[in-house]
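Engineer: For the record, the sequence lines run as chains A and B.
Residue numbers are given in our numbering: position 239 of the first sequence equals residue 239, and the series is strictly consecutive.
Residue numbers are given in our numbering: position 106 of the second sequence equals residue 106, and the series is strictly consecutive.
Hints are not guaranteed to be accurate.
[As the list claims (entries may be wrong)] Straight line, CA to CA, 30 Å or less: simulated DSSO-like cross-link-like pairs of lysine-lysine:
id, chain 1, residue 1, chain 2, residue 2
1, B, Lys-148, A, Lys-333
2, A, Lys-318, A, Lys-254
3, A, Lys-28, A, Lys-72
4, B, Lys-142, B, Lys-91
5, A, Lys-72, B, Lys-142
6, B, Lys-148, A, Lys-254
7, A, Lys-72, A, Lys-200
8, A, Lys-254, B, Lys-53
9, A, Lys-196, A, Lys-254
10, B, Lys-142, A, Lys-254
11, B, Lys-11, B, Lys-45
12, A, Lys-72, B, Lys-148
13, B, Lys-45, B, Lys-91
14, B, Lys-91, A, Lys-72
[Unchecked claim] One side of the interface only, derived from the structure: several residues of chain A facing chain B at Cβ under 8 Å:
id, residue
15, Phe-147
16, Ala-148
17, Ile-248
18, Asn-273
19, Gly-344
20, Glu-356
Calculated directly from the structure, the hints in this document are not laboratory data.
Built from N, CA and C at the ideal position, the CB exists for glycine as well.
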Amino acid sequence: MADPTDRAVDEAGPDAEDGELEAHLHTKRMLINMGPSHPAMHGTVRTRIELEGETIVRAIPEIGFLHRGFQKSCENVTWNQCLPYTDRLNYVSALMNNFGFLNAVEKLAGITIPERAQYIRVIGAELHRIHDHLTCVGSIGLELGGFAPFLYAIEGRELIMDRVTELTGARLTTSFGRVGGINRDLPEGWKERVLKTLDKCHELIGEIDTLLTANRIFVDRMQGVGVITSDDAQDFGFTGPCLRATGIAYDVRKAHPYWVYDRMDFDVPVGVNGDNFDRYLMRLEELKHSESIVRQALRDIPPGPVIVDDWRIALPPKPEVYGTIEGVIAHFKLVMEGVPVPAGEVYDCTEAANGELGWYLVSDGSGRPYKVHVRAPGFAILSGLPRMIEGRLLADLIPTFDTINMIGGEVEQ
Amino acid sequence: MSAFALDRIAKVLPEALLERPVDSSGGHWGLLRAEALPAVAQLVKSDPELGFKLFLSIDAVDRLHLAENSPRFEVVYFAYSVLRNEHLRLKVRVTEERPEVPSLTSVYQGANWWERFVWDFYGIRFLGHPDLTRILMYEEFKGHPLRKDYPLRGRQPLTPERPVEDIFRGPGTSGVG
Chain A
1 MADPTDRAVD EAGPDAEDGE LEAHLHTKRM LINMGPSHPA MHGTVRTRIE LEGETIVRAI
61 PEIGFLHRGF QKSCENVTWN QCLPYTDRLN YVSALMNNFG FLNAVEKLAG ITIPERAQYI
121 RVIGAELHRI HDHLTCVGSI GLELGGFAPF LYAIEGRELI MDRVTELTGA RLTTSFGRVG
181 GINRDLPEGW KERVLKTLDK CHELIGEIDT LLTANRIFVD RMQGVGVITS DDAQDFGFTG
241 PCLRATGIAY DVRKAHPYWV YDRMDFDVPV GVNGDNFDRY LMRLEELKHS ESIVRQALRD
301 IPPGPVIVDD WRIALPPKPE VYGTIEGVIA HFKLVMEGVP VPAGEVYDCT EAANGELGWY
361 LVSDGSGRPY KVHVRAPGFA ILSGLPRMIE GRLLADLIPT FDTINMIGGE VEQ
Chain B
1 MSAFALDRIA KVLPEALLER PVDSSGGHWG LLRAEALPAV AQLVKSDPEL GFKLFLSIDA
61 VDRLHLAENS PRFEVVYFAY SVLRNEHLRL KVRVTEERPE VPSLTSVYQG ANWWERFVWD
121 FYGIRFLGHP DLTRILMYEE FKGHPLRKDY PLRGRQPLTP ERPVEDIFRG PGTSGVG
C-alpha cells in the first residue's frame, strides 16, 4: 500500500494549481543595467532593463557614450579631410563608409569617376562586407558559447585585413579613395593574393556553416527569437540584412545600382521569419555572394587611370608638382581650399554591410561641407531593439543584440 | 527622389505643399507647411500607390550662414517606398523664435529617436513626442551643438553627479546602511 503522503505529492504535481507548492517570496521588478561596458554589448551601449523574474518587461537602450561630434567636425574641414572621420563610423567596414561618402560628394559635384576606380570601389566594399559579416557571424557563435566558429571567422577576417592593409596601408582606419576616384592603384600581385584569400575564406565560411547552421543548441537559441514583422521593421527604418530577413528584398545595390554593380551577377537573399536565425542566414548567404562579386570584379577590371584627370579635383602627379609651376599651384590650391563643390544639396545612399548608408550633404560653395547628415543603418535598427526583446528572456537579448550587429561608431556619430 | 509622390501630395492635400524644387542632381523634394506634416506622412505611408513605409531618417539644417537664411531651421525627412523603388525627401522650415514641428511618432515609430536627435543637436521641439530628451549628449549639456552659432571649441560647465535611486546592494557588510 502506498504511503498516502506520496500520493499527495503526486497529485499536487501537474494538476495542482499554479504555484501552490512554491514558497511565496516577495518579488518586485528588478532594474538592471547592462553596459556601457559589458562584453556582450558591442561597443559602448547601455541598456536599462526592467526584469520580472527573467522576463524583460522594458528595455531602454541608451546611446551616446561614443559620440565624437562627427557632423560638427566635418563642417569644419575640407571635403577630402572628412574621410578619416568616415572611417570611424563603422570601423568594421571602413571602406564602405569612405566610398559611400565619396560617392555622395561626387554626385553633388557632378563628377564621374574612371571605370577602373569604380571596380576598385566594388572590390574594396565587398571585401569589407565579407569582413563585417564574418565578424558578426563569428561573434554570434562566440556569445552563444561556441568558441571555434569565432576563431574561424577571425582567421578569415585577419586575412582580409591583411589584403586591405596591402591596398590602403591601414588595418582599420583606411581613409582610402579621394573625391574623383582612388588615390592609389592595386598593388603588385594583389589580385592573386586576394583570390587565394577568398579560397581560404570560402573554406572557413564552410566550417562555420557546418558548425552552427544545423547545431541544435544554436538553432534553439536563434529561431523564433528577436522576431520583428516586416511592417514594424520598415516603420523603424530597418535596412540591409535585418530588413531582408523579414521578407522584403530591398538592397540598394539592386534597387539603385551604383558603380558597376549592374554588371555583377549576384542575388539578394531574402528571409521569411524576421528572427535571429534568418538574420544570421542572410549574412551567411551574403558572404558567398560578396565573394562571387569580388571574383567577377577582379576578372573584369579594365586597365586605365584610377582618378579623374582634373587638377581642380584630384592632386596632380608628383613629377608635375615638383617640376611645373601649374602643378605646384594646383596642389597648393587643392590642399588649402579643398575640392570645389558647387552650392546645393544631395541625398545619396549605398548599401553598407548593415543596410542603407545615406548621406544628405549641403554645400554652400566653399571648399567645406555646410552640412553632413549621415543616416547610419545601425541607429534605426537599435531603436527597434526594445520591440524585438520585450517579453522575452534576458538571455535572448544577447543573440538579438548580436544579429542586429550594431556598431557604436556609426550609431553614436 | 519621387516626383510622383509630390504630385499626389499636391493633388490630395493642395494646401500642404509650398514649394517643390529640384536639386542639381535631379532630386525632387517638397517643402511642406509644418502643421500639415502628420497628414502628409499618413498619406504617403498609407496610400496604396505610394507606400512610403520605410522610414529612413530626419535631420535639420541650420541655415544661419547660407545666402537665404530665413526662417532659420529646416527639418528634412527621408522615407523610402519599396513598392515604387523611390526615395522621398520632404522639408519643413521653422523660425528661431518658435522652433516647433509636430511629431511624426504617431505615424512612424522610427521617428522617435531621430526627433530626439534633432532636438538634441538643433533645439527643435517636436510637439507630441512621448519622450523628447537628448539622445547622444547628456541631459545637463547647455546649448545645441550643431547650431552654427555653437562654438567649435565650446566648453561646458562641470555637472554634479546625478543621484542614484533605489540601489539594492545585496547582503554583506560592504555598502549596506
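Engineer: Kindly indicate which numbered hints from before are broken by the structure, ordering the numbers from low to high.
Structural biologist: 2, 3, 6, 7, 10, 15, 16 and 18
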